[in-house]
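Taken in order, these protein sequences are the chains called A and B. When you line the first sequence up against the working numbering, it's residues 1 to 116, in that order. When you line the second sequence up against the working numbering, it's residues 1 to 111, in that order.
Because the hints were derived from the structure by calculation, they are not lab data. Check each hint, because a few of them may be wrong.
[Said to hold, decoys possible] With a Cα cut of at most 25 Å, we get these calculated BS3-like pairs of lysine-lysine: (1) B/92 with A/57; (2) B/59 with B/79; (3) A/71 with A/9; (4) A/9 with B/42; (5) B/79 with B/63; (6) B/42 with B/57.
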Amino acid sequence: NAGVTQTPKFQVLKTGQSMTLQCAQDMNHNSMYWYRQDPGMGLRLIYYSASEGTTDKGEVPNGYNVSRLNKREFSLRLESAAPSQTSVYFCASSEYKGTSVIYEQYFGPGTRLTVT
Amino acid sequence: EDQVTQSPEALRLQEGESSSLNCSYTVSGLRGLFWYRQDPGKGPEFLFTLYSAGEEKEKERLKATLTKKESFLHITAPKPEDSATYLCAVQKDTGRRALTFGSGTRLQVQP
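The shape of chain A in the complex, shown without the other chains:
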């Protein structure tokens, strides 16, 4: 199993350009997440999808949109990139069987995005 895969690994954008980060998982997990990681700030949740067909905002959703394409795939779109969106982006997935049980999240290798 590949686990969680992300493309691309690296990207450089100019301010105002758009792009989509792709994420796929092969663990048959219901829930998927997008985080960003900035130095000294830890990982922060951008959006998540508890199950196929649902998405919800996380801590830092402004400037981003997401699409849960199917159970395996969850994409993150930057419509008009800004320098403040320079970061490392991680996708994660976990099992989900209702709010009474929690499961660990498994992370992809990350996408390193620079906006100039």
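Mind docking chain B on chain A? Use the hints.
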């Protein structure tokens, strides 16, 4: 406001020199506390989940413990391959799936 604070920010050990990393948290209704390891340029790798105070989990040279206010990651006789950043995260007692992460402890083990 939920907070997760990890200390120290960085730790340098000699091979075989045991130590502990700290994760203190202020979260109402803790459902679970997670420890992850992150190598440079990689995504976080899951290590442990702790659910309630008094619980302990072990894996090779690592042991994680949990109290009502903090968690410790004890590293016994570390090796250079244990060098990494160790992240702590908590999940609250709500329907949301968000994890709140600390900033991590960068561990360097010298031979």
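- Hey, residue 71 of chain A versus residue 9 of chain A, does the alpha-carbon distance stay inside 25 Å? Satisfied, since the Cα-Cα distance of roughly 22 Å is no more than 25 Å.
- Are the Cα positions of residue 92 of chain B and residue 57 of chain A separated by 25 Å at most? Holds, at roughly 16 Å.
- Query: Does residue 59 of chain B pair with residue 79 of chain B here, judged by a C-alpha cut-off of 25 Å?
  - Reply: Holds. Residue 59 of chain B to residue 79 of chain B sits at ~14 Å (cutoff 25 Å).
- Task: Please work out if residue 79 of chain B and residue 63 of chain B have their alpha carbons no farther apart than 25 Å.
- Result: Holds, at roughly 15 Å.
- Please work out if residue 42 of chain B and residue 57 of chain B have their alpha carbons no farther apart than 25 Å. 24 Å, holds
- Is residue 9 of chain A within 25 Å of residue 42 of chain B, Cα to Cα? 11 Å, holds
This entry satisfies every hint, going by the numbered hints stated previously.
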